[in-house]
Amino acid sequence: MADVVDRSVASEQAAPAPVRTSAWRRGPVGNPWRRPWLMEGFTWLYIVWSIVPIAIAVLFSFNSGASQGTWQGFSTKWYVGSQITSVLNNPELHSAVIQTIRLAILTTVICVPIGVGFAIGIDRWRTRTADGLNFVMIFSFVVPELLLAVALFMLVTQLLTSIGLGTEAEVAGLVVWNISWPAIIVRARLLSIGKTYEEAAADLGASRLGAIRRVLLPMLMPAIFASAVLVFASTVDDFVIVEQLSSTANTQPMSVLIYSNVHGGLSGPALNALATIMLVISLLAALVGWVAYRWFTRGERTAGSTDALTSIAGM
Amino acid sequence: MAAQRATQHRRTRWLWIGLAAPGAIWLIILFVVPFYVMLCVAGGGVNTFFQTAIPVWNPLNWSSANLTAVWHDIVGNGSYLGPLAFRTVVYTAIATVISMAIAYPVAYFVSRYAGRRKTLFLVLLIAPFWVSYMMRMLAWIDLLQQGGLFNKALSAIGLPGNTDWLGGKSVTVILGLVYGYIPYLILVLYAFLDRIDQSLLEAARDLGLNKWQTFWHVTLRLSKPALIAGTFITVLPMLGDYFTNQLLSAAPGTTMIGNAIEGLLNSPGQTGQGAVLSLMLLAVLVIPMIYYVMSTARASQEVA
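Going down the list, the sequences are from chains A and B.
Using my numbering, you'd call the opening residue of the first sequence number 3 and step up by one each time.
Using my numbering, you'd call the opening residue of the second sequence number 6 and step up by one each time.
The set of hints was computed from the structure by calculation and includes no laboratory data.
Keep in mind that a hint or two might mislead.
Unchecked claim - Distance ranges between label pairs, derived from CB positions:
| no. | chain 1 | residue 1 | chain 2 | residue 2 | range |
| --- | --- | --- | --- | --- | --- |
| 1 | A | Val50 | B | Gln151 | 18 to 26 Å |
| 2 | B | Ile292 | A | Pro220 | 40 to 48 Å |
| 3 | B | Ala26 | A | Val82 | 16 to 24 Å |
| 4 | A | Ser66 | B | Asn215 | 57 to 65 Å |
| 5 | B | Asn215 | A | Ala57 | 34 to 42 Å |
Just so it is clear, the structure is predicted and the values come from calculations on it, not from any experiment.
Every residue gets a Cβ at the ideal spot worked out from N, C-alpha and C, and that includes glycine.
Assemble the whole structure, with the sequences as input and the hints as a guide.
This is the structure:
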């Protein structure tokens, strides 16, 4: 990684001198090291298109009027002020925020440990059964969410009726939908670490479990943290599974409430306020993940800021 | 000594099994079993009094009543599922092509030319990934509603500014799908393109290819796995999407197969047909899914 960076920097700096003459000589073919203005402009257009609508939606959550299209002055009434439709005072909006946070914490706390254990176990227990289980896990990663949600709905309404619809079913479904994040990310890290450190620990007298706890787990920490952040954020954002598995209004998280109120119901900037709270929670999780990733990989040569960024986005 | 080693080996094997067990059990009970229940509901009957589904647990007793009913809805006279499936495929195809056309140049630019500003660009590209889907759709509902900023901007430049964009327009739904799923596509493409060895491109130059030839013969060939993975990452969720069109149009003229599944599930007495339709969608998707899983597994083995 380090030498790749060096080379690209070097070619950037060294490029102009030989290039100017060859560009002149080659004529219409053009200078290959020229900055691609067209592509850069296109990229900026995409970025504006992807971010500006969201920024406007956040802005209108602070509108003092009920319009989402006409700015009528700054106000926090949709968050705390209004007695009827602010997030703080409206019981429906309020409980949706609580439910989202509850689901995100419960899912992360259950999903990450069992996903990490699954990754380590499958990686070392190399049998047909392990391969089969790994296949099922990756399959759960690519299956369309609606199909899994429908299947889970039928499970809890036909077979495991003692669970029933509600928070327990939502958590169970979210865990299975998200388990592939820690499993895939930790497995990839295990493959890149290899077995040498553990064997060295064993040679120095560590037990298997001791080697895992004192050598392997610390090395897996960046991957574990990155996947925890992904699980948390994807649970906050989840819609399909929680919509199918929620029952009463008490078990509806923010995403479901926004969906069911967009056409009528609690409309206006209160929904924008709710969405903005969701956004802040996700971004905070991303920030925590990024800082933690940088901290855990502080001694590693390959760790750069882009590495941490792409890792907490699951790449 | 050998016996001791065997004991040791057995003990560590149980350690690995023990570590994998909670996740494995969770996956079996909440991923494998649910799809079996779906089969049992699809092959089951209906309680004629309560109009609820009665699952049949024994495969030998499955009936084909639901399957026949759905099949008639797909191909029979006055069928409504056939056109819906066709529309789903058309929407998904157009949205995927548009997404690719936008995402590839962006990912290509950031991976190759961003230079020292790579971190800045990555933050901006990853940002939408952290914004929930609902928030992003809500943002467009705000903009596109009548009296919204988009119509105002149109009338400001002299175009008709009273179009009802949210009243059942295919173009709104397709662009909504693009907007919804493109952040994932860009990240996938970027991850692949960033790993292309720059020295291969330099070698192509040295061997006399111009920049278009280099792109065509080297970069594009090397991005084939990226294009395949990216297509999966956008097509699979789009085919199961039912909320984007519901949010951006809510008109019967833009419904997709996901809406049909949702609708059947929630109508009394038709849960079994919903199960059949879900299984049909799964059957269509299972081959590309297995292909994707296999290629992922192969890629991770190559890394190891």
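Status of the hints after comparison with the structure:
Here the CB-CB span from Val50(A) to Gln151(B) is close to 24 Å, well matched to the stated 18 to 26 Å. Taken as a hint, the range 40 to 48 Å holds for the pair Ile292(B) and Pro220(A), whose Cβ atoms sit roughly 42 Å apart. Checked against the hint of 16 to 24 Å, the C-beta distance between Ala26(B) and Val82(A) comes to roughly 47 Å, which is inconsistent with it. The beta-carbon spacing between Ser66(A) and Asn215(B), approximately 59 Å, falls within the hinted interval of 57 to 65 Å.
Evaluation of the 34 to 42 Å hint for Asn215(B) and Ala57(A) yields a pass: the beta carbon distance comes to about 41 Å.
Of the numbered hints listed earlier, the single one contradicted by the structure is hint 3.
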